[in-house]
Amino acid sequence: MTTTTLAVLVPLLPFLGAVAGLLLGRTAPGFVRPLAVLPPLAALGLAVVVAVRQGGEQAVSAATELTPTGSVPIELALYIDGFAALVAVLVGLVATCVQVYSTGYLRNDPRYPSYAALVSLFTSAMLLVVYSGDLMVLLVGWEIMGICSYFLVGHYWETPEARAASIKAFLVTKLGDVPFLIGLFALATDAGSFRITKILGNVASGGLDHPTLIALLLLAGVAGKSAQFPLHTWLPDAMAGPTPVSALIHAATMVAAGVYFVARLLPVFAASSAALVVLAVMAAVTMAGSALAALAQDDIKRVLAYSTIGQLGYMTGALAVGDRGAAVFHLLSHGAFKALLFLGAGVIIHAAGTNSLAAMSRMKDLRARVPDAYWTMTVALLALAAIPPFSGFFTKEAVLGAAEHVATGHAEGIPGAVGWIVLVAGLVTALLTAAYAMRLWLLAFRGHGPEAPDHGRQPIVMNAVLWVLAVPSLAFGLATGPLPDWFDGRDLTPTLTTSVLGTGVALVGGIITYGAWRHTMAMAARVPMGAVAAHPEGDAGLVEAEAIASHAPAYGDVASAPDPADPGRLLLGPLHRHAAVGFHLDAVYAALFVRPVQAAATLVRFLDREVVDTYVRGAGALPRWLGTAVRRAQTGNLQTYVSALLAGTVVLVVAALLVATAGA
Amino acid sequence: MTLAAATAMAAHATTTSAASESQGFLSPTGVEIAFLLVGLVTFGAAVVTVTTKQLVHAALWLVVALGGLAVEYLLLTAEFIAWVQVLIYVGSVVVLLLFGLMLTRAPIGRSPDADSGNRWAALTVAIAAAAALVWVVVDAFRTTWIDLDGAAAGSTEVTGASLFQSWVLPFEALSVLLLAALVGAIVLSRKAKANAADAANTATTTSAPSPRNGGTRNHGPRNGGTGNDTPRSDKEGAR
Amino acid sequence: MHLAYPAVLSALLFSTGLYGVLARRNAILVLMSVELMLNAVNLNLVAFDVWLSKTAQDTLHSGQALTLFTIAIAAAEIGIGLAIVLAVHRNRGTADIDKLRDTAETDDDSEPDDSGAARPEPAEKAEATA
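Residue numbers (numbering that gives the first Met the number 0), protein chains in the order written: chain A, 0 to 663; chain B, 0 to 238; chain C, 0 to 129.
If a hint is listed, it holds; no wrong ones were tucked in.
Taking beta-carbon pairs under 8 Å as the criterion, some of the chain C residues facing chain B (in silico):
(1) M0
(2) T15
(3) Y18
(4) L21
(5) L30
(6) V45
(7) L59
(8) I79
Taking CB as the label site, the calculated pair distances span:
(9) T634/A <-> Q53/B: 26 to 32 Å
(10) P169/B <-> A632/A: 36 to 42 Å
(11) T142/B <-> G635/A: 44 to 50 Å
(12) D148/B <-> T634/A: 52 to 58 Å
(13) I185/B <-> T634/A: 32 to 38 Å
(14) I107/B <-> G635/A: 27 to 33 Å
(15) L656/A <-> I185/B: 44 to 50 Å
(16) V610/A <-> R91/C: 52 to 58 Å
(17) Q53/B <-> R91/C: 19 to 25 Å
(18) R91/C <-> P169/B: 36 to 42 Å
(19) V610/A <-> I126/B: 54 to 60 Å
(20) P169/B <-> G626/A: 46 to 52 Å
With a Cα cut of at most 20 Å, we get these calculated SDA-like pairs of lysine to any residue:
(21) K363/A <-> H518/A
(22) K173/A <-> Y588/A
(23) K98/C <-> G116/B
(24) K98/C <-> W119/B
(25) K52/B <-> F98/B
(26) K53/C <-> D146/B
These aren't lab readings, by the way, just hints derived from the structure by calculation.
By construction, the Cβ of each residue, glycine as well, lies at the ideal position given by its N, Cα and C atoms.
Can you make the complete structure from the sequences, with help from the hints?
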């Protein structure tokens, strides 16, 4: 088979798996698990084959036009360069891992068939986005991902948190998608085509009329999808979904779609230095803010969610300094270790019966109960904190190196300020990242106190998947050498300055956190805390749903817990209160959008009820009075009816006679 | 027959003498006077029929009105129709109506509620209709006279000849209609019988059986019998 | 004979029957009034037939034939009508026209239903008291 055929099969197989899973879910439950696992696995295999065949050489490009679509043609186009091939492998890997993990995680869930089918559909949509060479086809996958995210976040729709979170995720991403769509149209109008290759060719010849406008419009959609400031607020709330969904959608793939999109169209953004500055500021605010917020969260998954936002900030920062190789490099390693972190968090939540770090820090021997999660998560946290020689170190240094390259004025067309912004923000964030990674590790695995109720051993598939993902987290740094051949050819090896600086601040962050933890640890015993799910025999999904549902009643908030033993509280000081609620951005949104909309709705309701309805009621009153009068005549007495009939007849006859005789 | 012949002859004698002279309202012939008197009686009987409070008396006054009409037919030389009128209306229809009154347990004697509350509206409509009709008829036929001389226009021979020469097809169609009426009456009676049987069954199951119940049950077949009688007598009458 | 005599008599009889139809409460009396109206029409038919048979050259005596038909149909009608009245009387226990008001407009919609539900009850009562 040709590479093109294989590449077409890659998104198609999970799609067919999703359709078959939806159709057979009720009638043939035995097929659901194979249908959930095998298509992503096959897609992974095919993606690997495609990547090997492509091999970083000339991009595979193919297109077919199904039907003429007016002045700007829409084509079913494939465009597979090194970025697409490698990202597809990542998506296939994470999706397969998540599907395998879900068979254990949701093994007793009655809605598992539809869940698995939606995950498959989502995988298919993401692969379509990755491989598509046409922006309209890309948009189709983009929106399918959005709706799948809505359904999957709302998987536990019995809880109000999940319902609110799914609606919020959908609305906020759609808020970005509207300008995104307009931006796509503007771009296609300027370039005369939706084909990425043609657009890039057009940009290279300087054919864009409004590069800044287009770039900013597209950035809105990217910010929504990739959870960048100020449209990031949906991502922490989306943790109300099942953990595998968080791992797949909200860590490794969907949120990476925005970054990937910018990477593909980087020349369009690079054509406008204003857009790059906006991108850099956005990345810097996102990085630093989310790292601070992560330090204050109590829910282990929300810590990871803010961490995801921060790491995506690194990627957008790399894009802002014009190095898409570093961005996608970080995307790949981050996808692996963040998926691992989320899946490991799922194991921990199941074992501890709670998602609260405060409660976990009062449990003894949690790490002994989940040794696999302990070791793999340690690796992943080290990678997250960018400690050499783990994969995160190399990728983050690639980003910082690119920023330093720009800051020192070695790049053309990119303002040096952009480089400085990204570099400084990246270093600050590296410090904070190490701090919250350390805090997570200490609170989750180094707890003191009574032994937690046993929730039994995790299914073997859940633990096995962790080790599979631990391999790239551990060793992806080895790819630093060959990878530039796949990307733009720019060197990705760490530079000495940034390596020393980055590792140094990371170590400082970790050590400070450790010290703070030693200081506060003594307080933990004095303030007993903890609420754990009461169903030891339930599967992991059920335990997690109960943990999420009980967090707010137990601690007063979904995000934070009033735990004085939290090192994050000591480190952040007065900032902790604001960081815990995401710097009040939700309140700002409520004041800016929610309340005006509600007020407008109240006004419309008043107008409709009191003004419009008055006319309607007035119009209805006259016929009703007439009807009441006519009803009186319906006595049911036949003689009355016949009397009226004959009286009318007589009157008519007399009238007719008078008319006739008058004429004569 | 003899009476009709005598009346016709007398009418013949009077009209021949009158016809030669100029005809007018104020010079009524004997037939006209007779017609007028009988008409007054007929009209009076009809008015009493629709106003009397005694239901059985109404039926009997109806006999008088219908009989008066038969006499009017004779005066108009339509003797066959006159006898058919006597046979069917006086002989069968009124009997049927009396049976109906009996079966519906109409009160004997004065019943104060014989007229419904609609009577004033009815009176208005009726007087208006009468005024309009009389006005129109008088206005239209002010100068029209019926010539009653010569052969009788409605003798049995003439009527039979025209009926079986010109009107055979409608006549046979009428027989089909009578058959339909026969079937319809039977169907209605059967349904009523079934209902009565049901009612009787429930009555016997719910309450103690009484001889009156048996009497009620007998109404059904009797009603069917009357329904059957009617078309048969009509058919005879029509022939 | 002046044609106005039978015509006026016919009109008066018709109006009398009309009054009876509209004013009488008992259904059988209404049927009697209908007979009066039919007879008024018959009188008209006969009178005009006699007039025409002398005035026109060749008539088919259609008036008298039609009169015969009308009489036959009236008799059939009275048979069917009485059967209906008796059926109504058996079911409802009354032959009064102004008590048969099932088609009356009522305020609540549940009211018309009782025509089906409550109908057997008075009939049964009437049967029992008969």
